[in-house]
Amino acid sequence: MDIGVHTPPLADESLEGALDYLSEIGVDAIEPGVGGYPGQDHLPREEYLDDEDAQADLDDLLEEYGMRISALATHNNPLHPDDEQAADADTELREAIRLADQIDVGVVTCFSGLPAGGPEDEVPNWITAPWPTEHAEAHEYQWDVAVDYWSDLAAFADDHGVDLAIEMHPNMLVYEPHGMAKLREETNDRVGANFDPSHLYWQGISITDAIRFLGERDAIHHFHAKDTKVYEEQAREKGVLDTTAYDDEPNRSWLFRSVGYGHDESHWKDLVSTLRMVGYDGTLSIEHEDSLTSSREGLEKAVELLERAVFRTQPGEAYWAE
Numbered sequence: 000m001d002i003g004v005h006t007p008p009l010a011d012e013s014l015e016g017a018l019d020y021l022s023e024i025g026v027d028a029i030e031p032g033v034g035g036y037p038g039q040d041h042l043p044r045e046e047y048l049d050d051e052d053a054q055a056d057l058d059d060l061l062e063e064y065g066m067r068i069s070a071l072a073t074h075n076n077p078l079h080p081d082d083e084q085a086a087d088a089d090t091e092l093r094e095a096i097r098l099a100d101q102i103d104v105g106v107v108t109c110f111s112g113l114p115a116g117g118p119e120d121e122v123p124n125w126i127t128a129p130w131p132t133e134h135a136e137a138h139e140y141q142w143d144v145a146v147d148y149w150s151d152l153a154a155f156a157d158d159h160g161v162d163l164a165i166e167m168h169p170n171m172l173v174y175e176p177h178g179m180a181k182l183r184e185e186t187n188d189r190v191g192a193n194f195d196p197s198h199l200y201w202q203g204i205s206i207t208d209a210i211r212f213l214g215e216r217d218a219i220h221h222f223h224a225k226d227t228k229v230y231e232e233q234a235r236e237k238g239v240l241d242t243t244a245y246d247d248e249p250n251r252s253w254l255f256r257s258v259g260y261g262h263d264e265s266h267w268k269d270l271v272s273t274l275r276m277v278g279y280d281g282t283l284s285i286e287h288e289d290s291l292t293s294s295r296e297g298l299e300k301a302v303e304l305l306e307r308a309v310f311r312t313q314p315g316e317a318y319w320a321e
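So that you can map any letter, position 133 of the sequence shown is 132 in numbering that gives the first Met the number 0, and since no number is skipped, the others follow by simple counting.
I should point out that these hints are in silico values taken from the structure, not numbers from a laboratory. One or more of the hints may lead you astray.
[Unchecked claim] Here are the simulated DMTMM-like pairs of lysine to aspartate or glutamate, each with C-alpha atoms no more than 20 Å apart in a straight line: (1) K300 with D27; (2) K268 with D247; (3) K181 with E215; (4) K181 with E139; (5) K228 with D217; (6) K228 with E215; (7) K268 with D208; (8) K228 with E296; (9) K300 with E264; (10) K181 with D217; (11) K181 with D246; (12) K228 with D269; (13) K228 with D263; (14) K237 with E248; (15) K228 with E185; (16) K300 with E63; (17) K228 with E175; (18) K300 with E316; (19) K300 with D263; (20) K181 with D151; (21) K300 with D269; (22) K228 with E248; (23) K228 with E264; (24) K300 with E321; (25) K300 with E23; (26) K268 with E299; (27) K268 with D246; (28) K181 with D241; (29) K300 with D19; (30) K268 with E306; (31) K268 with D1; (32) K181 with D157; (33) K181 with E232; (34) K268 with D27; (35) K237 with D247.
Please read these numbers as outputs of a predicted model, since none were measured by experiment.
Could you build the full structure based on these sequences and the hints that come with them?
Below, the structure is given as structure tokens:
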């Protein structure tokens with residue numbers, strides 16, 4: 000396993016500046032944005048796509064700092080009911096897949112997207128209950144839209160030898176492991192998870208059980224190291240479906256936290272061990288979205304903890320069992 004960083008928190012740095020800093024704090028890999036919500040400050044997609052000279056310069060820069068790219072990130076909504084927004088997101092995804100193929104990166108991280116509740120609706124609609132029955136009908140419509148789109152995109156990704164790592168995210172169609180497994184079953188094995196525990200914690204999902212569930216299906220393509228703290232004082236009053244602004248920290252029922260500030264080190268060691276049990280030995284890519292600490296302090300504390308948790312070598316034979 001190795002430790003990576005999703006680089007948007009370092010957007011004020013050049014790519015070389017970010018690599019210099021990250022190599023100094025013990026990071027092995029980066030997950031740069033190439034479109035969508037993460038932006039593309041460190042790897043402008045259009046500047047590298049189909050440009051062998053730019054790609055060679057990128058290789059040289061990564062080699063200089065002993066770094067690799069774990070995935071290209073383009074989180075957006077390709078199922079948006081607004082045709083223009085959906086088309087832009089689709090272009091970002093397809094160009095990210097092509098670029099990943101060209102620079103030998105095996106994964107593109109993304110969202111499943113979220114359709115409207117019907118063909119005439121204008122905004123995405125996150126369905127969380129089957130009643131009244133029009134919600135169940137809307138959910139069925141959304142899955143029809145999603146399977147049609149992702150089947151085509153999964154075939155495109157397969158043509159380029161690239162995995163699609165979907166982050167299970169509320170306000171998207173796929174937000175928990177069973178939805179993730181369903182989309183994979185309806186498309187192909189290029190579709191899997193960018194397993195981000197932070198969104199599962201506040202839904203009350205057991206992280207190690209979710210890892211086992213998806214790991215049994217060989218459906219974990221990438222991993223985000225990101226923590227969440229549920230503040231019971233607020234959650235007891237209003238639950239966890241909380242629309243309070245993220246920067247109104249005292250009044251939120253949960254917050255994204257730096258690794259170790261939502262769950263302790265023993266939990267993260269158990270999480271890493273479970274990842275190894277199911278065969279995931281890839282990157283743990285730190286995503287910093289903790290409003291209680293600066294980006295650099297949050298990243299450094301996360302790296303420090305994960306360095307004690309990750310396994311750097313492969314296990315040998317279980318000689319004690321012979």
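Quick rundown of the hints versus the structure:
1. K300 with D27: holds (15 Å)
2. K268 with D247: Given pair K268, D247 is violated - Cα atoms ~31 Å apart, limit 20 Å.
3. K181 with E215: Holds. K181 to E215 sits at ~14 Å (cutoff 20 Å).
4. K181 with E139: holds (13 Å)
5. K228 with D217: violated (28 Å)
6. K228 with E215: violated (27 Å)
7. K268 with D208: Holds: K268 and D208 sit about 15 Å apart, inside 20 Å.
8. K228 with E296: With a Cα-Cα distance of about 18 Å, the restraint between K228 and E296 holds, given a limit of 20 Å.
9. K300 with E264: Judged against 20 Å, a Cα distance of about 12 Å means the pair holds.
10. K181 with D217: holds (13 Å)
11. K181 with D246: Roughly 34 Å between the alpha carbons, so the hint for K181 and D246 is violated.
12. K228 with D269: holds (17 Å)
13. K228 with D263: Roughly 11 Å separates the two Cα atoms, so the pair holds.
14. K237 with E248: The given pair, whose Cα atoms are some 15 Å apart, holds under the 20 Å limit.
15. K228 with E185: Judged against 20 Å, a Cα distance of about 34 Å means the pair is violated.
16. K300 with E63: At roughly 25 Å apart (the allowed maximum being 20 Å), E63 and K300 break the hint.
17. K228 with E175: holds (18 Å)
18. K300 with E316: Violated, at roughly 33 Å.
19. K300 with D263: Satisfied, since the Cα-Cα distance of roughly 12 Å is no more than 20 Å.
20. K181 with D151: Between K181 and D151 the Cα gap is close to 16 Å, so the pair holds against 20 Å.
21. K300 with D269: Holds, at roughly 18 Å.
22. K228 with E248: holds (11 Å)
23. K228 with E264: Since the Cα atoms of K228 and E264 sit roughly 14 Å apart, the hinted pair holds (cutoff 20 Å).
24. K300 with E321: violated (40 Å)
25. K300 with E23: Roughly 14 Å separates the two Cα atoms, so the pair holds.
26. K268 with E299: Holds: K268 and E299 sit about 18 Å apart, inside 20 Å.
27. K268 with D246: With Cα atoms ~30 Å apart, K268 and D246 exceed 20 Å; violated.
28. K181 with D241: violated (27 Å)
29. K300 with D19: Measuring from Cα to Cα gives roughly 18 Å; hence the hint holds.
30. K268 with E306: holds (10 Å)
31. K268 with D1: holds (14 Å)
32. K181 with D157: Cα-Cα ~18 Å, so holds.
33. K181 with E232: Between K181 and E232 the Cα gap is close to 35 Å, so the pair fails against 20 Å, i.e. violated.
34. K268 with D27: Measuring from Cα to Cα gives roughly 19 Å; hence the hint holds.
35. K237 with D247: With Cα atoms ~15 Å apart, K237 and D247 stay inside 20 Å; holds.
Hint compliance for this structure: hints 2, 5, 6, 11, 15, 16, 18, 24, 27, 28 and 33 are not met, and every other hint is.
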